Amino acid sequence: MAVKVEHDVSESRFEIFLDGQLAGYADYAERNGVRDFHHTVTYPQFRGQGLAAQLVKAALDDTKDRGFSVVPSCSYVEHYIAENPSYAELV
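Quick note: to get our numbering, add 41 to the position in the sequence shown (first position is 1).
Think of the hints as simulated: they come from the structure by calculation, not from any bench.
A couple of the hints might just be wrong.
To be verified - In silico lysine to aspartate or glutamate, EDC-like type, Cα no more than 16 Å apart, as pairs: (1) 45 <-> 103; (2) 105 <-> 60; (3) 98 <-> 60; (4) 98 <-> 77; (5) 45 <-> 119; (6) 105 <-> 71; (7) 45 <-> 56; (8) 98 <-> 119.
These numbers were taken from a predicted model, which means no experiment stands behind them.
Required output: the full structure, derived from the provided sequences and hints.
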């Protein structure tokens with residue numbers, strides 16, 4: 042299975058694809074060097090495969106690489122950061 046994460050800047054979201062099919066996304070609002078991740082979705086047929094974690098990791102890595110900070114309004118993003126303390130510095 043091929044997994045690919047893309048950053049759709051025009052839609053302010055990161056998207057994850059599994060074998061070419063959109064499997065989910067993480068929406069954010071960006072302002073003054075801060076990304077507020079407010080919604081993460083994994084479509085039902087793709088759940089249980091760890092895709093949300095891969096998606097959020099890629100989104101946070103990109104955010105960190107760009108020097109932005111994070112507001113984890115989405116409960117999944119908040120949980121992911123709590124479980125992966127290396128991202129705590131972004132909050």
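Now for the hints, and whether the structure bears them out:
This hinted pair checks out: residue 45 and residue 103 have alpha carbons roughly 14 Å apart, not beyond 16 Å. Restraint check: the Cα-Cα separation between residue 105 and residue 60 comes to about 27 Å, which exceeds 16 Å; the hinted pair is violated. Distance check on the hinted pair: residue 98 and residue 60 sit about 19 Å apart at the alpha-carbon level, beyond 16 Å; violated. Straight-line distance between C-alpha atoms of residue 98 and residue 77 comes to about 15 Å, which keeps the hinted pair within the 16 Å bound.
Taking the CA atoms of residue 45 and residue 119, the gap is near 23 Å; set against the 16 Å cutoff, the hint is violated. Distance hint between residue 105 and residue 71 is fulfilled; the C-alpha atoms sit about 13 Å from each other, no more than 16 Å. A distance of roughly 8 Å separates the Cα atoms of residue 45 and residue 56; the hinted pair therefore holds under the 16 Å criterion. Between residue 98 and residue 119 the CA atoms are separated by roughly 12 Å; this keeps the pair inside 16 Å, and the hint holds.
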